[in-house]
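Please model the entire structure based on the sequences and the hints provided.
For reference, the chains in residue letters:
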Amino acid sequence: MIFQVKVFVTPKGGILDPQGRAVEHSLKSLGFAQVDGVRVGKFIALNVEAASGAEARQVVTRMCEQLLANTVIEDYRFEVGDG
Amino acid sequence: MKWGVVSFPGSLDDRDALFALRDVLGQDAISLWHKDETLDGVECVVLPGGFSYGDYLRTGAIARFAPIMQSVARFAADGGLVIGICNGFQILCEAHLLPGALTRNRSLSFVCDWVTLRVDNSKTAFTRAARDGELLRLPIKHGEGLYVAPEDDLRAMEERGQVILRYVDESGRDSDESNPNGSMHAIAGVANERFNVFGLMPHPEHAVEPMLGGDDGLRLFRSIIESAS
Numbered sequence: 005m006i007f008q009v010k011v012f013v014t015p016k017g018g019i020l021d022p023q024g025r026a027v028e029h030s031l032k033s034l035g036f037a038q039v040d041g042v043r044v045g046k047f048i049a050l051n052v053e054a055a056s057g058a059e060a061r062q063v064v065t066r067m068c069e070q071l072l073a074n075t076v077i078e079d080y081r082f083e084v085g086d087g
Numbered sequence: 043m044k045w046g047v048v049s050f051p052g053s054l055d056d057r058d059a060l061f062a063l064r065d066v067l068g069q070d071a072i073s074l075w076h077k078d079e080t081l082d083g084v085e086c087v088v089l090p091g092g093f094s095y096g097d098y099l100r101t102g103a104i105a106r107f108a109p110i111m112q113s114v115a116r117f118a119a120d121g122g123l124v125i126g127i128c129n130g131f132q133i134l135c136e137a138h139l140l141p142g143a144l145t146r147n148r149s150l151s152f153v154c155d156w157v158t159l160r161v162d163n164s165k166t167a168f169t170r171a172a173r174d175g176e177l178l179r180l181p182i183k184h185g186e187g188l189y190v191a192p193e194d195d196l197r198a199m200e201e202r203g204q205v206i207l208r209y210v211d212e213s214g215r216d217s218d219e220s221n222p223n224g225s226m227h228a229i230a231g232v233a234n235e236r237f238n239v240f241g242l243m244p245h246p247e248h249a250v251e252p253m254l255g256g257d258d259g260l261r262l263f264r265s266i267i268e269s270a271s
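Residue numbers (the numbering used here), protein chains in the order written: chain A, 5 to 87; chain B, 43 to 271.
Here are the simulated EDC-like pairs of lysine to aspartate or glutamate, each with C-alpha atoms no more than 16 Å apart in a straight line:
no. : chain 1 : residue 1 : chain 2 : residue 2
1   : A       : Lys16     : B       : Asp194
2   : B       : Lys44     : B       : Glu268
3   : A       : Lys46     : A       : Asp79
4   : A       : Lys46     : A       : Glu69
5   : B       : Lys183    : B       : Asp155
6   : A       : Lys16     : B       : Glu193
7   : A       : Lys46     : B       : Asp97
8   : A       : Lys10     : A       : Asp86
9   : B       : Lys165    : B       : Glu201
Calculated from the structure, these hints are not laboratory results.
Okay, here's the thing in structure tokens:
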């Protein structure tokens with residue numbers, strides 16, 4: 005089965021995120037005074053062939069650990085669609 | 043001494059590194075291709091600056107999986123000397139041969155400038171020709187040079203003396219103004235725990251003749267030559 009996967013990679017809490025800070029500053033200067041805690045990350049879409057949803061999740065976890073995220077500075081999470 | 047300079051697709055400073063080693067220092071330096079699987083008996087590996095694989099995903103993230111990097115990792119595990127400059131530093135962090143990571147400059151802008159650096163550990167193979175506290179002038183040119191690591195790791199690295207070079211002002215003090223990219227602890231260069239792998243954002247290979255604006259880069263290369271002999 006082919007599973008559609010969405011991977012979200014974001015800077016770890018406590019790690020400096022200059023892009024997030026710049027975007028937050030811009031939003032505030034546009035008048036969105038209520039905004040806080042902006043973090044800029046990456047969204048990666050991919051298809052995975054696997055026998056089950058559990059297997060797809062296992063494979064994607066390995067992809068994230070090895071390449072898609074640098075776990076020293078980034079957190080990741082993902083959503084696996086219906087096969 | 044035999045050196046190997048690795049070229050990845052997108053490397054820029056491999057030729058300058060070869061020029062510094064061969065023409066200025068009279069060393070036996072060979073070019074290594076990213077698809078090579080052996081290091082051809084070199085005694086020090088140089089990972090040069092540039093934009094390997096277009097900096098896609100993260101700087102150094104793809105280069106880390108080039109065939110030659112497996113040999114570099116084995117070479118480092120056996121105690122071989124490895125120096126990563128700029129993009130080479132980023133690759134070494136991605137390969138977990140050095141702690142921490144390099145991310146977007148605090149300013150979000152590419153910086154191209156000369157900086158003053160303080161040698162904070164001169165007992166390493168990469169700095170033995172310098173003195174503790176000595177100031178060096180080297181150029182920088184990078185968009186992703188902000189060094190980050192978890193605070194606990196940084197504390198342990200500082201205690202072990204792994205922070206080799208720090209951005210400082212002309213009087214040798216580190217301050218917010220003298221930090222060109224927002225690196226934590228003003229870190230410009232770090233070594234691994236065994237002190238045989240070293241990464242730095244400044245470019246010693248661009249500072250090897252007075253005509254280029256300075257020759258302080260020779261201090262680092264000469265340290266390595268001294269260590270090998």
